[in-house]
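> Here is how the chains run, residue by residue.
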Amino acid sequence: MDCREVVKIENLNFSWDNNRLALENVSLGIHNCEVVCIVGPNGGGKTTLLNLMLGLIKPSSGSIKVFGETPEKSRYRIGYMPQYLKLDLQFPLNVMDVVLMGRLHCGFWGRYSRNDRIIAERVLDEMSVADLARRPFAELSGGQRQRVLIARALACEPELLLLDEPTANIDPGFQEHFYDKLRELHKRMSIVMVSHDVGFVSSEIDTIVCVNRQVVVHKSTEITADTISGIYGYNVKIIDHTQDLSAIHKNRHQQFHHHEGCSHD
Amino acid sequence: MIDFFTSLNSPALSFLKYAFLIGIFGSISFGIIGTYIVTRRIASIAGAVSHCILAGIGAAIFCRQQFNLTWLHPIYGSIAAALLSAIIIGLVSMYAKQREDTVIGAIWAIGMAVGLLFLAGTTGYVDVDAYLFGNILLVSKNDFMMTLVLDIIIVVPLLFFFNNFMAVCFDDQFAELRGIRTKLTYMILLCMVALTVVLMVSVIGIILVLALLTLPAAVAGHFTRRLWPMMLLSALLCAFFTTGGLALSYHVNLPSAPLITVLAGITYLSVLAIFNLSQIIKRKKRESGKK
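Protein sequence lines correspond, in order, to chains A and B.
Counting in our numbering, the first sequence tops out at residue 455, every number present.
Counting in our numbering, the second sequence tops out at residue 552, every number present.
Just so you know, the hints here were simulated from the structure itself, not pulled from any lab data.
A portion of the hints provided could be inaccurate.
Subject to a maximum C-alpha distance of 25 Å in a straight line, what follows is the list of computed BS3-like cross-link-like pairs (lysine-lysine) [stated by the list, open to error]:
1. A:Lys263 <-> A:Lys409
2. A:Lys248 <-> A:Lys263
3. B:Lys402 <-> A:Lys276
4. B:Lys444 <-> B:Lys358
5. B:Lys358 <-> A:Lys248
6. A:Lys276 <-> B:Lys278
7. B:Lys358 <-> B:Lys278
8. A:Lys377 <-> A:Lys263
9. A:Lys276 <-> A:Lys248
10. A:Lys248 <-> A:Lys377
11. B:Lys444 <-> A:Lys248
12. A:Lys263 <-> B:Lys444
13. A:Lys255 <-> A:Lys409
14. A:Lys409 <-> A:Lys198
15. A:Lys263 <-> A:Lys198
Residues on chain A that point at chain B, a partial pick, calculated with CB under 10 Å [claimed, not checked]:
16. Tyr266
17. Leu277
18. Ala328
19. Glu329
20. Cys346
Just so it is clear, the structure is predicted and the values come from calculations on it, not from any experiment.
C-beta atoms are modelled at their ideal positions from N, C-alpha and C, and glycine is treated no differently.
Could you put together the complete structure from these sequences and hints?
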């Protein structure tokens with residue numbers, strides 16, 4: 191896969207109604223050859239950044255381009271997985287109904303075609319939840335719901351996959367599987383995910399985007415405990431000491447020094 | 262009960278036949294829209310819209326008398342008022358940064374008040390109770406034809422765009438990303454709610470209509486966890502409640518609207534009680550099994 195820029199953000203500012211800047215002077219390029227993870231404290235602007243990429247909200251100033259176009263034009267090429275806690279879990283529908291939503295607008299009169307169903311079954315299989323297809327969405331465990339929602343995002347057959355907290359509530363058994371899946375999916379599409387989970391700094395992630403009103407980009411090979419504490423503004427315990435991380439610890443002296451942009455104010 | 266069904270054919274009791282038919286055909290819309298109201302949690306919007314109908318009825322009767330507009334049937338006023346209030350509530354919930362429930366409450370009360378003022382300004386006797394609680398003695402063939410027309414207007418788009426409506430109700434953000442005009446879809450849904458409320462005013466009245474919209478769907482929700490079976494079941498239940506209520510009222514000589522409501526309410530509460538009890542028993546069994 192040749193390396194091209196998928197998302198390009200230049201001098202972007204965003205504020206909600208109360209005029210406090212939620213994002214300040216953000217410039218960022220995301221390439222399709224890297225798996226990007228957006229991290230930062232709650233309320234730091236991670237989801238805001240994601241919503242800007244989807245075109246659900248518009249920047250107050252500056253520009254954002256996805257596949258060289260406005261996000262509204264490109265959103266068909268994006269597969270999005272929201273946090274499932276935002277959904278009404280009492281709503282009566284089964285797993286297949288949920289996944290087929292990824293095929294919306296393709297069918298005439300809002301009907302799903304035979305092909306739509308084949309694709310839905312394939313992505314369910316890919317996320318290893320094919321056996322749940324007829325189960326009510328409300329009866330699934332948190333981890334199963336998460337996988338179903340990833341499957342729904344994949345059903346869009348996207349070129350860019352946006353995942354909001356994909357590892358929250360996922361069962362530990364699937365976490366390992368999830369990284370493998372991620373590597374496999376990355377052959378086909380660009381991947382951007384959001385996580386507040388520091389332990390998730392995995393070997394599969396190439397680039398870390400730290401968001402706390404401002405944005406700083408790191409290559410994951412340069413991340414240390416200090417970097418992360420800098421972002422969060424307090425000491426954070428890193429639970430997941432993967433081999434890669436301990437290797438990084440040895441090289442900590444070659445680190446970035448400028449994390450002011452990420453620090454708490 | 263057999264008496265009731267033979268009476269349906271009696272020419273002297275044609276209102277009973279039309280009330281029965283309105284109940285049966287109206288139930289199709291009530292089942293579908295009621296399911297959306299319960300699952301999307303917009304019962305209070307339906308309540309506000311139904312009470313605003315009084316303003317439309319009052320205005321229609323007032324104008325008919327003042328300006329001698331003989332064609333102005335109260336149902337036209339009902340439809341206009343219901344649609345207007347639904348659109349106002351929809352716009353407020355989408356765009357204005359107000360507390361939605363407060364706005365709904367305000368529109369609810371204003372609608373009733375305006376209706377009462379119009380009726381007070383109308384000279385001569387107007388039977389307000391007939392509109393508030395329904396009166397099947399006044400049901401005519403025209404009412405039935407109107408019900409059929411509204412039924413078709415409501416059901417056809419909802420069936421064609423079933424998947425779109427489901428997606429917008431479940432996850433409007435995702436639906437928006439798939440290119441569905443979610444705000445328009447939601448607004449259409451609210452307008453359908455408004456038309457549905459008008460549909461059975463003559464049988465159930467504007468105060469008790471909320472029970473017939475929500476209770477069948479609430480009962481159905483206990484037996485199925487998918488949208489379309491829930492719609493089907495609540496339509497059947499709705500038809501059963503209206504028919505049962507009419508038959509009861511025929512036999513015990515009491516007003517039909519409260520009987521329909523009580524029938525639906527008792528069924529709902531019984532189902533709720535049975536489900537909760539059975540869950541408690543299951544839990545107890547599991548606990549004793551562990552020991």
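> Now look at each hint and say whether the structure bears it out.
Comparing the hints with the structure gives:
1. Distance hint between lysine 263 of chain A and lysine 409 of chain A is unfulfilled; the C-alpha atoms sit about 29 Å from each other, more than 25 Å.
2. About 13 Å separates the Cα atoms of lysine 248 of chain A and lysine 263 of chain A, which keeps this hinted pair within 25 Å; it holds.
3. Annotation: proposed proximity of lysine 402 of chain B to lysine 276 of chain A is violated, straight-line Cα distance about 48 Å (limit 25 Å).
4. Note on lysine 444 of chain B and lysine 358 of chain B: the hinted pairing holds, with a Cα-Cα distance of about 16 Å set against a maximum of 25 Å.
5. Restraint check for lysine 358 of chain B and lysine 248 of chain A: the C-alpha separation of about 18 Å stays at or below 25 Å, so the hint holds.
6. With a C-alpha separation of about 48 Å, the suggested pairing of lysine 276 of chain A with lysine 278 of chain B is violated against the 25 Å cut-off.
7. With a C-alpha separation of about 48 Å, the suggested pairing of lysine 358 of chain B with lysine 278 of chain B is violated against the 25 Å cut-off.
8. Taking the CA atoms of lysine 377 of chain A and lysine 263 of chain A, the gap is about 24 Å. The hint holds against a cut of 25 Å.
9. In summary, the hint linking lysine 276 of chain A to lysine 248 of chain A is supported, as the alpha carbons are separated by about 21 Å, within the 25 Å threshold.
10. In summary, the hint linking lysine 248 of chain A to lysine 377 of chain A is not supported, as the alpha carbons are separated by about 30 Å, beyond the 25 Å threshold.
11. Among the hinted pairs, lysine 444 of chain B with lysine 248 of chain A is consistent with the structure: their alpha-carbon atoms are about 17 Å apart, no more than 25 Å.
12. For a cut-off of 25 Å, the pair hint linking lysine 263 of chain A to lysine 444 of chain B stands: about 18 Å separates their Cα positions.
13. Between lysine 255 of chain A and lysine 409 of chain A the CA atoms are separated by roughly 22 Å; this keeps the pair inside 25 Å, and the hint holds.
14. Distance restraint check for lysine 409 of chain A and lysine 198 of chain A: the Cα-Cα separation of roughly 17 Å lies within the 25 Å cut-off, and the hinted pair is therefore satisfied.
15. The suggested pairing of lysine 263 of chain A with lysine 198 of chain A holds, with an alpha-carbon distance near 14 Å, which does not exceed 25 Å.
16. At its closest, the beta carbon of tyrosine 266 of chain A sits 6 Å from a beta carbon of chain B; the interface hint therefore holds under the 10 Å criterion.
17. Evaluation of the leucine 277 of chain A hint against chain B yields a held restraint, the C-beta minimum of about 6 Å falling below 10 Å.
18. Among the interface hints, the one on alanine 328 of chain A holds; its C-beta lies about 6 Å from the nearest C-beta in chain B, closer than the 10 Å criterion.
19. Here the hint on glutamate 329 of chain A is kept, as its CB sits about 7 Å from the closest CB of chain B, short of 10 Å.
20. Interface hint at cysteine 346 of chain A: satisfied, since its Cβ lies 7 Å from the closest Cβ of chain B, which is below the 10 Å cut-off.
The structure shown violates the earlier hints numbered 1, 3, 6, 7, 10.
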